[in-house]
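Here the protein sequences come in this chain order: A and B. First residue of the first sequence: 0, per numbering that gives the first Met the number 0; consecutive thereafter. First residue of the second sequence: 0, per numbering that gives the first Met the number 0; consecutive thereafter.
No lab work stands behind these hints: they were computed from the structure. Keep in mind the model is a prediction, meaning the values are calculated, not measured. Warning: the hint list may mix true and false statements.
[Said to hold, decoys possible] Here are the simulated lysine-lysine pairs, DSSO-like style, with alpha carbons at most 27 Å apart:
hint, chain 1, residue 1, chain 2, residue 2
1, B, Lys188, B, Lys503
2, B, Lys267, A, Lys119
3, A, Lys355, B, Lys533
4, B, Lys503, A, Lys165
5, A, Lys164, B, Lys533
6, A, Lys355, B, Lys503
7, B, Lys292, B, Lys267
8, B, Lys373, B, Lys157
9, A, Lys164, B, Lys292
[To be verified] A few chain A positions that, by computed beta-carbon distances, are all more than 12 Å from chain B:
hint, residue
10, Tyr276
11, Asp289
12, Arg373
Ideal Cβ placement from N, Cα and C applies to all residues, glycine included.
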Amino acid sequence: MRYDSVIIGGGLSGLVCGLRLAKAGKRCVIISAGQSALHFSSGSFDLLGALPSGESVGSPAERVAQLIEQEPSHPYAKIGAEAFVETAEAAKQTLVDAGVRVSGDAAQNHYRLTPMGTLKATWLTLDGYVRSATEEGLEWKNVVVMNAEGFLDFYTQFIVDELRKKGTTCRVCSFSLAALDAIRNNPTEMRSANIARIFDGEECIAQLSEIISREAGDSDAVLLPAFLGINRYDVLDELKRRTGRECAVIATLPPSVPGIRTQIALRRAFERAGGVYMLGDTVAGYDEKDGRIERVYTVNHGDIGFSADEFVLATGSFFSRGLEATREAVIEPLFGVDVEQAASRGEWFERDLFAKQPFESFGVATDGEFRALRGGKPLQNLYVCGAGLSGYNPLTEGCGAGVSMLSAVRVSDNILKR
Amino acid sequence: MQKEFDVIIIGGGATGAGVARDCALRGIRALLLERFDIATGATGRNHGLLHSGARYAVNDHESAEECIRENMILRRIASHCVEETGGLFISLPEDGLDFQAKFITACRAAGIAAEAIDPKQALRMEPSVNPALIGAVTVPDGSVDPFRLTAANVLDAKLHGAEVLTYQEVSELIMEQGRVVGVRALDRKSGEMREYRARITVNAGGIWGHNIAKKAGVTVNMLPAKGALLIFGHRVNNVVINRCRKPADADILVPGDTISLIGTTSSKVPFDEVDDMYVTADEVDLLLREGMKLAPSLEHTRILRAYAGVRPLVASDDDPSGRSVSRGIVVLDHATRDGVEGFITITGGKLMTYRLMGEWTTDLICKKLGVEAKCTTAERPLPGSRKEERERTEKKIHALPTLQRESSLHRHGDMAERVEATTAAKRSIVCECEEVSVGEVEYAINALEVNNLVDLRRRTRVGMGTCQGELCACRAAGLMAEMGRYCTSRAKQDLAAFINERWKGMAPVAWGDTLRESEFTKWLYGGVCGLTTKKEEE
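Generate the whole structure from the sequences, applying the supplied hints.
Written out as structure tokens, the structure is:
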């Protein structure tokens, strides 16, 4: 099989990269092992929430130069402060063009409401999620927080207590629906994605609308767990239309229904642009000649290789198996390229899990073009984007999704320039 | 009015619980004080091995005899805590067979049924055993759940009138005219100091007993010995596997519930570290290296966590250098030993002999109080192990989904019927790995003295499966807050603390899937949920 570009990894980064290449007329294939980090998305995409020094960031656009100064190994350093806003804008546009409705601006972070009820700085948020322009509190002064009886992956009181502290009047409403009993009787099935499948049905939407109309009282908005609409996008709009109320959702424990929907939307857009998405396949080997990857082989396709001019490694970090930790060292399992890491296992961790963990910044070493290094030298046509990159902390710096998307944009640009 | 007690027992490990139960059954009014939760010290940090005594047979005949006697007693009185797996002592080529003959003779002399079998037969009995073995001996080893055992003793003590208070840290012994007449304790929940009085105070504080004794001005020379263990993600073996040689590091592999355990290392640690034991990378490597010799498949088995306990080794009174240590039971009557009336220290021993330690201590208490009653703890089954009740319970909860029913019975024995399961909401699963329902969590919170998520884990196994508390921790924190155990901001602190407690055990073994799991946990709680350990600004 012959392609212009082979992208290994079908998560946020691989999809953004693939979409841009396919739209530019490249023949692309994405080889995806399965689930990605989008399956436990918060509903938002972070760009830059704090500097390595710990100082919080209001405007990523204004502060990125400082970030690069403090942490020259950061992937944003390879994008550069000048091109940062433009690259972020291109990444956002890629989502919007794929039908993923997001809003937000690199010039100014806004705040998302966490399942713990706190407000956290972010860049883009999916439409329908509760968000706020400031950290001080919601724009709504009076809300009802609703949950389905027996759904344990969303705890209303966490949210209500925090919102009250920030001056919002809150009421809790627990509701039951006959249609939910069917899954509730099988106790392990009371999970967000299963509930969402039920709420995709017209009758359930009608019943939920009635409950909302009955319970909403004089509130400004009704807040629900993000368990609405897995195969359709309009459930929340339907609820708003039928009740004439503001309705918004808050992230639940995984799986993330809007995250899964985003993954599906991006994949469909990629396929519409002519890309081939191979789900459930894993790269198992490759041919290399003179520092160039010539083709890769997968488990499902055996000795039928995928040849291409460029290869993109978007396999993620540990969770997605883009990086693999053995007892001795962290390796990149597909190509055995260089991984930046601490010398011994004793130095991988901090005792407080919530602190900045050294292992979180381990990743594949790349040159200024995001090409993977092996033995310190770049492979000519193996690019790396996404969570597998080294030199940054996605959580403490609040930049995980940003690095994934912006590095994908830059890699696709670099490939198109060749 | 201050309640009156005959005895105050300090320490809620197996020993303290055993003393409390024995006292209660003999009509002595007992108060047990524990500074954290029950079974949090060495009791909860060992193999959970129901020793046959074979390990001690060659070097310590007396301990071996005690072990096998107690082993047989526990099978009767604590059947819901015990799994009768049987055990193997294997000889590897590097061990030779010389030890085996001596070993079998010594076992039999102690009353331990030890039978040499063909190595091929051993492999059929336990397919995970190292196929290179050149000899094998079967012994009546088994596994025992130390927490469940302690909890059952506490429960029975309470059923017979004892009072058990957790999160009460003894800060001072009240001395009057050279005798101990009570204690002052800090209530860790309210921050208040409380005073309790009794004619006798028993120091059952394990390694912490060293400092408790000091409060009475007496010296008990203890040596803290750290023992590290690894928990594997599934049940590698169904039969306990030991090495047939002189006891050494990492030579016992024990199956327990859904997992297997390898241990232990042994190293002296200073007293100021005993409250916070971390397992080092070197200890993990040693355990794994040695463990693989027992069962080679351990090399590729996921390790869930590493943990360490501190054994209270007691130096003989006549050897202040501490070189001659005993693993036997040590009952110290400080009246005769040090001239301090009303104070007893019970220490040394092992989990296996907790009941006997309780018996000896209570015998001494009875002598001092002039109570005639005889010990009955060896005959009376513990709550959870009462045969008729168990059969009745099984019938009562028959309608539950099989996995839930079995898990619940397994954890609570005949008390399982108290788990509410009449509605779908109560049957909803909180922890998928361990099949823990909302009803079971509520039962534990209401009836089993749960103050935080770690307490809840000990009682229900919430968060002990392969995911180490990924989703269940958050669900359980919600339920705890819902039931008014604490406010939501404490619930969130508790959640972060619980996740960090899990991390403490995971970090030393965080490679492969365990690191993947940890990264996910961090993304979920640190990222999506925005949870931190930073103090909230009010």
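_Check on Arg373/A being off the interface with chain B, judged by Cβ distance over 12 Å_ = Arg373/A clear of chain B: closest Cβ-Cβ about 22 Å, beyond 12 Å.
*Sort out whether Lys292/B lies within 27 Å of Lys164/A, counting only the CA atoms.*
Distance of about 58 Å is beyond 27 Å: violated.
_Does Lys119/A sit within 27 Å of Lys267/B, going by the straight-line distance between their CA atoms?_
violated (46 Å)
*Within 27 Å, alpha carbon to alpha carbon, are Lys188/B and Lys503/B?*
holds (23 Å)
*Is the Cα-Cα distance between Lys292/B and Lys267/B 27 Å or less?*
holds (25 Å)
*Holds or violated: Lys503/B with Lys165/A, Cα cutoff 27 Å?*
Violated - the C-alpha atoms of Lys165/A and Lys503/B are around 34 Å apart, more than 27 Å.
_Restraint check for Lys355/A with Lys503/B, where alpha carbons must lie at most 27 Å apart_ = Judged against 27 Å, a Cα distance of about 15 Å means the pair holds.
*Would you mind confirming whether the straight-line C-alpha gap from Lys373/B to Lys157/B stays at or under 27 Å?*
With a Cα-Cα distance of about 19 Å, the restraint between Lys373/B and Lys157/B holds, given a limit of 27 Å.
*Evaluate the condition: distance from the CB of Asp289/A to the nearest CB of chain B exceeds 12 Å.*
holds (34 Å)
*Is the straight-line distance between the alpha-carbon of Lys164/A and that of Lys533/B 27 Å or less?*
holds (18 Å)
*Is the Cβ of Tyr276/A more than 12 Å away from each Cβ in chain B?*
Check passes; 24 Å lies beyond 12 Å.
*Is the Cα-Cα distance between Lys355/A and Lys533/B 27 Å or less?*
holds (13 Å)
Hint check: violations occur at hints 2, 4 and 9; the rest are consistent with the structure.
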